[in-house]
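J.: Could you build all of it, start to finish, from the sequences and the hints given here?
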Amino acid sequence: QQQVKQSPQSLIVQKGGISIINCAYENTAFDYFPWYQQFPGKGPALLIAIRPDVSEKKEGRFTISFNKSAKQFSLHIMDSQPGDSATYFCAASKNNAGNMLTFGGGTRLMVKP
Amino acid sequence: EPEVTQTPSHQVTQMGQEVILRCVPISNHLYFYWYRQILGQKVEFLVSFYNNEISEKSEIFDDQFSVERPDGSNFTLKIRSTKLEDSAMYFCASRQEIWDTQYFGPGTRLTVL
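Going line by line, the protein sequences match chains A and B.
If you're matching positions, the first sequence starts at 1 in the numbering used here and goes up one per residue.
If you're matching positions, the second sequence starts at 1 in the numbering used here and goes up one per residue.
Any given hint could be a false lead.
To be verified - The calculated label-pair distances, taken between Cβ atoms and stated as ranges, are:
| # | chain 1 | residue 1 | chain 2 | residue 2 | range |
| --- | --- | --- | --- | --- | --- |
| 1 | B | L30 | A | G83 | 29 to 37 Å |
| 2 | B | K83 | A | M78 | 39 to 47 Å |
| 3 | B | G72 | A | K112 | 44 to 52 Å |
| 4 | A | N22 | B | K83 | 33 to 41 Å |
Bear in mind the hints are in silico, worked out from the structure with no lab data behind them.
The C-beta atom is built at its ideal place from N, Cα and C for all residues, glycine as well.
T.: So, in structure tokens, the structure goes:
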């Protein structure tokens, strides 16, 4: 019940295209859903996050869509750029003192010039 | 911009040896975490720490692991007797408030020979 499932494992998109990564969770106690971007040899860096009281959040080219009833959320990267090539992780956590992040399996995105 | 720092960047050790991984969280943060990432796999939660005690720990965090905040700035992860399977990237993270984002350090690559 703690799992977060992420798909696809890898994604190749042309420059200017839309990248879409999907995640699904089971634990209804999760109430915070961040997306992290990770470049090789670096730590995960927060990209954008959403709480379940909204269905969509947009920051620049990055949008999270959240479907509470389906327990799914997705990341859309508009106008994808070669510099967006990285591994993307969705995650989820509960609002408690532990507040551990449960990560999805990751999506390796390659944006071709 | 404040950031989480970790030392060393790479640690090589022999199986059975003790290692201490060090982290300096962001200065006004109150919640501290260790995660690990085995090469090519997802990020896994190890332990969370708040108010000088462990808040939550995963199954991975067995008796061979311990954490400590020896002073007002450092947060350490000790592995008493390293195993080959402990080889991974270890990330420290911190956050300020319970609703805040977790900010990750650059990681320490631990190689156990």
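J.: Are the hints correct? Go through all of them and say.
T.: Tested hints:
1. Distance hint check: the CB atoms of L30/B and G83/A are about 34 Å apart, consistent with the given range 29 to 37 Å.
2. In this structure the hint that K83/B and M78/A lie 39 to 47 Å apart at CB holds, the actual value being about 45 Å.
3. G72/B and K112/A have their C-beta atoms about 48 Å apart, which keeps the hinted 44 to 52 Å range intact.
4. Checked against the hint of 33 to 41 Å, the pair N22/A and K83/B passes, with Cβ atoms roughly 35 Å apart.
The structure fails none of the hints (numbered hints given earlier).
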